[in-house]
Amino acid sequence: MTITQQPQKNLPAPRSETRELSPVTVPRRWRSLAPRLIAPVALAAILLGFSLLSPVFLSVGNLVGVLGQMAILALVATGLTVVVRAGGIDLSIGVAVDLAALASAALIADGYRAWVAIVVGLFFGLLVGVVNAALIVGLRIPPFLATLSVWFIGSSVQQLLTGGGAPIYLSKPRVPIEFALLGRGYLLDVDGVIVSAALVALFIGALLGTTRWGRSVTVTGEQPTAARISGLRINRITVSAYLLCSLVGGFAGVILASRTNGFVPGSGQAYLMDAIGAVFIGATLSRFSRVSVPGTLMGVLIFGLLSNGMNLVGLSFFWQGLGRGVVLLAILLLGVLLSRNLPSGTGILTRLFTRPAARSTARTTT
Amino acid sequence: MSTAILEIPGDTGAPTPTRKRPSLLAWAGYGVVVLVLGIFALGSPYFLQWENLSSVLNQAAVFGIAGIGLAVVIITGGDDVLEGGIDLSVGATAGLAGSVTAVAAAAGAGSLRAVLTGLAVAAALGALNGAAVILGLRPLLATLATMGIATSLDLVVSDNIKVALDGGVFLWLRQGSIAGLPASVLVLAVAALVSWWAVARTSWGVHSYAVGQNSIAASIAGLSVARHRFMSYVISGVLGGIAGVLLASRLSAAVPGIGGQILLDIILVAYMSTVFSRRLVVNIPGTVVAAIFVAGLANGLTLLGVASQWVGAAKGVLILLVLAVVVVRGRNTAK
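Protein chains in written order, with full-length UniProt numbering: chain Y, 1 to 366; chain G, 1 to 335.
Honestly, the hints are just simulated from the structure, not real lab data. Since we're looking at a predicted model, the values are computed, not measured. Watch out, some of these pointers could steer you wrong.
[Unchecked claim] From chain Y, some residues computed to sit far from chain G (all C-beta separations above 10 Å):
| id | residue |
| --- | --- |
| 1 | 41 |
| 2 | 58 |
| 3 | 112 |
| 4 | 123 |
| 5 | 149 |
| 6 | 154 |
| 7 | 155 |
| 8 | 159 |
| 9 | 186 |
| 10 | 192 |
| 11 | 196 |
| 12 | 233 |
| 13 | 277 |
| 14 | 290 |
| 15 | 313 |
| 16 | 324 |
[Said to hold, decoys possible] Listed next, with one range per pair, are the computed distances between beta-carbon atoms:
| id | chain 1 | residue 1 | chain 2 | residue 2 | range |
| --- | --- | --- | --- | --- | --- |
| 17 | G | 324 | Y | 51 | 49 to 57 Å |
| 18 | Y | 173 | G | 53 | 52 to 60 Å |
| 19 | G | 175 | Y | 64 | 32 to 40 Å |
| 20 | Y | 228 | G | 54 | 27 to 35 Å |
| 21 | G | 310 | Y | 172 | 32 to 40 Å |
| 22 | G | 310 | Y | 215 | 43 to 51 Å |
| 23 | Y | 110 | G | 306 | 22 to 30 Å |
| 24 | Y | 111 | G | 54 | 31 to 39 Å |
| 25 | Y | 45 | G | 305 | 52 to 60 Å |
| 26 | G | 202 | Y | 45 | 29 to 37 Å |
| 27 | Y | 215 | G | 279 | 38 to 46 Å |
Using N, Cα and C, we set each Cβ at its ideal position, and we do this for glycine too.
Only chain G is shown next, with the shape it has when bound in the complex (with noise of 0.2 Å):
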């Protein structure tokens, strides 16, 4: 995949060639979702009515905060599953820092202390990820076993029972909105815009790609390869608190185990995110449309009467499709 961007002229002083306009396939991506959504458009009024478009939204936040987690370690640890950088502890770590906020505010401390504690938890839990990595664990290895461990944690915080979690901030997270945008979707909207600043337009986040992308190249030319990575896995684990609160307050509820439900949908987001790109990278706007796209897709399914079991299913070709177009334009771009 980086072989794409790697194509730099050798010194032989041709003239750089200009840069080609991204071909047809390049917008496949797009194509897919403004396809799959005009269907839904034709197919049920009420789908591009403003209140279901808001819920889409609201449904998206979720998945789309803890999928911008993901997708900085994806980024910082190379997108190569089996050895690169992956978080599957994103899901379990969103569900405990649900209820220790819940936990934490039926105890009597504020939203924002309650808030705080399930925060420090989900980072507490990033830095484990971190610090097992950088010692030389594979991620994928670390984060199974800290995902046991989170959701455990869950079990015995929450004592396995729902825990209400209601009033104040959690209030107006799941009904308050500004100027007509619901609350999670600015939450959203503002963690979106930080996380694409600071991976798109600082020197973290271009240090981030060339650790993720070349590791021997980054270390060589001074980039300390282990702090970025443990940075990484620190970030996806508060992201993913904060997603987990989200959670919480829409469902105005921690529900113990719900970690495990969001997870395939957190990678799936995050994976996704390559085919919103140009150079067929892991990349932040990518996961938020395709969180937007995946939430669209089961809210649409859902409305032309598709039995909720399709949406699985749908989810798992679509995931199919996603990767055939991204291998396709790899084989491409290769040559």
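Only chain Y is shown next, with the shape it has when bound in the complex (with noise of 0.2 Å):
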């Protein structure tokens, strides 16, 4: 121990020592609870900010079109929380959102019936996830690069598929009816999109939150050696997480296709990177910094209003991606700072922000 704690005092960053030391002014719950505070924040400052800016902004009409646009966001990230859950990434949802667009959208050009193509496109949706399955659990790929191997492979395939990236258009009259409701849709005066973007967050958030399955989940993704000894099976498990991000990238998929009545290639990989965003500002949102459905979606209404708002300013296209960078590092970081002084009982907050040298280094500290 003595070894130990000797060099401790040429530690590049004391981490939470010094600011332990000073006297709590602040109750302890509070302290705990104010990172989990910096998401809800956010969205209300961006709520307030905007009206003051744009008086139609918080009418009820244009909040129900942000959420219509925001659907398949939501659906793309509800899906990748899942595999984060699991303790995986996967950056390929965008192929499996593509494929399953082009799919169907190809299947209603050549005439076939409304089910026949949202089957064969969610089937195609799968496919991805069954590569992935395979790469990551059979092959012992890291997560990262094999999604990122399926993506390259994936958008690649896309370009053979429609040769060499013709977007495909359906003509209006030819479409089922029933293909066009899916995207298109109203029940009862709301949008059908928001509707089964809902219930697949509500399906997907009591299976992660309520279930047997989803507490294995959990678990795999957070000790999952513990998980393996205790009995788990931690393979089967990350096989169906990966299989499930992805049937619901391809749900998301289909949607599209219907809703823009057509596909244009690479179109479902610009979700990617607002969906990885949206998931880990949802994360902030847990004591655990736990990825949870309702966290993701919270990120992404923040993601959704801000995009918004920003065009209701007259903000210009080129300012938008600054926006939601700067809006989303400072999120981050903020919930990284304050949870960084806290007590030691609630270090684990830092779990999924923090590398693991400075975890440990904050756990030897105190």
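Need the complex rebuilt from these two chains, each delivered in its own frame; the hints are there to steer you.
Structure (structure tokens):
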């Protein structure tokens, strides 16, 4: 112990030492709550700020419109949540979206029935998950690199199938009504996409939050070795997480094809970065820095409202990426900074955001 | 992966085992390279001509230089992708540096000043990454956010139109040559030599490997983990900036949005370098070899008449092959 004690003094950045010694004026409960409040506060700030800047922003019509635009991102991010909860990452979910949209749009263009197109579309999405699972669980390739190469292969496959990247456009009269309703229907004056996204999110949220499977996924992600030793079949659980993620991605793709009435190659990939951001913004909501479906939806809401607000204010498209990046960086950084000076009991909060090094040094200093 | 290095015999007094010859599998990476390039040489008489080879090297320069930057980040941050070092913003930084340089040159600044401005912006983005990472943010997330910021700034600076970049240094970078070697290849060679020297021959490089492979041990041994990590991101930013200037001068214009397109190739090149290493670690010479190989692959496939759509698929399969080799070798050494 003495050996480890002495060199502690020249540790790079004494993590929580100095702050803990300072008299605690704020009640402990407050301080442990603070990092979890960042995302809601940011959301409130966005709502307040843009409602002051633009009179239409807070109108019901606009907000419902935002929900409709966000539905596909919400689906993609929900799928990603499952995989991240299982301790992995899926960069190829955009490929699942694209391939599903491509398959269903192509089948509709060839005059197949709606249900055939939808089922085949979902199947194509699932196929991506099968490849991912085979690479990650079967060949033990790290998830980031495995799904990265699936991304390469998938975008190449798209170009091959579309003859070099030609978009598919569906002529409106020939689209079966059932297929059109999926993306452009209304249920009791509510955009149908919102309903389906909400249903899927509710289903996945319940699956992760309340079922035995959800608990297994969580344990597999956070303590794979302990999970394996205690008898969980972690391979099966990981496979199921990747399959479910791609299936949800495929569903998002079918909806995308129906909503845009066609398929543009590479359109699904655009959702990836926002989805990753939303998932990890959601993790700041949890006491254990655990990603969850409600948290992810809040992240999606932040991104959606931010984009919409920036559009309404008339900020040019060029600046919008800057706005989104700065907000993402600010929320995540605040989360890390606020949780860093917490008492040791909540040190687990930093688990998802810090690397193991920072975590362990924090533990040894306290 | 680090198990291979930690195989130090205990203090049992047993004679230290002599260094075994690397197994056949250790040469598999080079074998694949020679095989593929040999097929190209047989398939097309033009592949081995000097003009073609120099254009391959020319294309390799951009990915090679940016890949070296990413390799330094991975070396210092550890090669676990979710938690360890990664710089997703390196492509966007390259694009931004190219645009800034072109805009500055168009505004009448001298070539040198324009290049320095571009590199300064790139270094600032690297510093932003480094600051976020040493504050405790995951590199994956921090650089994801920076990537969005840099992409957006690229659009703002260039107004989303091509900015011509011509004359002076930039013309030389595109067409000039010394002793038959194209200028951009010379830049690649200098960058590779300097960083190889710094990583493999100085204490800073050894410390970087130490920080990346076991940061707790490194900090207990008195190394400043934070300083090494911060520096690695700044280096990655600067090298990304050099790559961006090179790319813009090769295209004789800064093309907005090009950063996203080159990111995947840069990541591929940096990770592929592990195959060219006996200890399965990311390294500088391997990165350069990988960059040349990837450029040669695209060139050779085109010469053989393969449609360009297949090149992406070929790259994806290639990463998987590489990773499979790494995984199999890792299993063997772990025993």
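Hints, verified against the model:
A cut-off of 10 Å between C-beta atoms confirms that residue 41 (chain Y) is not in contact with chain G; the least separation is 18 Å. With a closest Cβ-Cβ approach of about 26 Å to chain G, residue 58 (chain Y) is found to remain outside the 10 Å limit, as its non-interface label requires. Against the 10 Å criterion, residue 112 (chain Y) stays outside the reach of chain G, whose nearest CB is about 25 Å from its own CB. Distance check on residue 123 (chain Y): its Cβ is at least 21 Å (rounded) from any Cβ of chain G, clearing the 10 Å threshold; non-interface status holds.
With a cut of 10 Å on Cβ distances, residue 149 (chain Y) falls inside the contact zone with chain G, its closest approach being about 4 Å. Not every CB of chain G is more than 10 Å from the CB of residue 154 (chain Y) (nearest about 8 Å), against its label as outside the interface. Not every beta carbon of chain G lies more than 10 Å from that of residue 155 (chain Y), the smallest distance being close to 6 Å; the non-interface claim is violated. Residue placement check: residue 159 (chain Y) does not keep its beta carbon more than 10 Å from all beta carbons of chain G (closest about 4 Å).
Here residue 186 (chain Y) stays apart from chain G, with its beta-carbon at least about 34 Å from theirs, past the 10 Å limit. Every CB of chain G lies more than 10 Å from the CB of residue 192 (chain Y), the least distance being 31 Å, so the non-interface label holds. No beta-carbon of chain G comes within 10 Å of the beta-carbon of residue 196 (chain Y); the shortest separation is about 28 Å. With a cut of 10 Å on Cβ distances, residue 233 (chain Y) stays outside the contact zone with chain G, its closest approach being about 21 Å.
A beta-carbon of chain G is positioned within 10 Å of the beta-carbon of residue 277 (chain Y); the least distance is around 7 Å. Every Cβ of chain G is farther than 10 Å from the Cβ of residue 290 (chain Y); the closest lies at roughly 15 Å, confirming the non-interface assignment. Residue 313 (chain Y), annotated as away from the interface, keeps every beta carbon of chain G farther than 10 Å; the closest lies near 16 Å. Distance check on residue 324 (chain Y): its Cβ comes as close as 6 Å (rounded) to a Cβ of chain G, failing to clear the 10 Å threshold; non-interface status is violated.
About 54 Å separates the C-beta atoms of residue 324 (chain G) and residue 51 (chain Y), a value consistent with the hinted range of 49 to 57 Å. Separation of residue 173 (chain Y) from residue 53 (chain G) is about 56 Å and conforms to the stated range, judged on CB atoms against 52 to 60 Å. Restraint check, residue 175 (chain G) to residue 64 (chain Y): a C-beta distance of roughly 57 Å breaks the suggested window 32 to 40 Å. For the hinted restraint 27 to 35 Å between residue 228 (chain Y) and residue 54 (chain G), the CB-CB distance of approximately 53 Å leaves it violated.
One distance hint, 32 to 40 Å for the beta-carbon pair residue 310 (chain G) and residue 172 (chain Y), holds here, with the actual separation near 35 Å. For residue 310 (chain G) paired with residue 215 (chain Y), a C-beta distance near 44 Å keeps the hint of 43 to 51 Å intact. Distance hint check: the CB atoms of residue 110 (chain Y) and residue 306 (chain G) are about 28 Å apart, consistent with the given range 22 to 30 Å. In this structure the hint that residue 111 (chain Y) and residue 54 (chain G) lie 31 to 39 Å apart at CB is violated, the actual value being about 52 Å.
In this structure, residue 45 (chain Y) and residue 305 (chain G) meet the distance hint of 52 to 60 Å, their C-beta atoms being roughly 57 Å apart. Checked against the hint of 29 to 37 Å, the C-beta distance between residue 202 (chain G) and residue 45 (chain Y) comes to roughly 47 Å, which is inconsistent with it. Distance hint for residue 215 (chain Y) and residue 279 (chain G): a CB-CB separation of about 40 Å, consistent with the stated range 38 to 46 Å.
Checked against the numbered hints above, the structure breaks hints 5, 6, 7, 8, 13, 16, 19, 20, 24, 26 and satisfies the rest.
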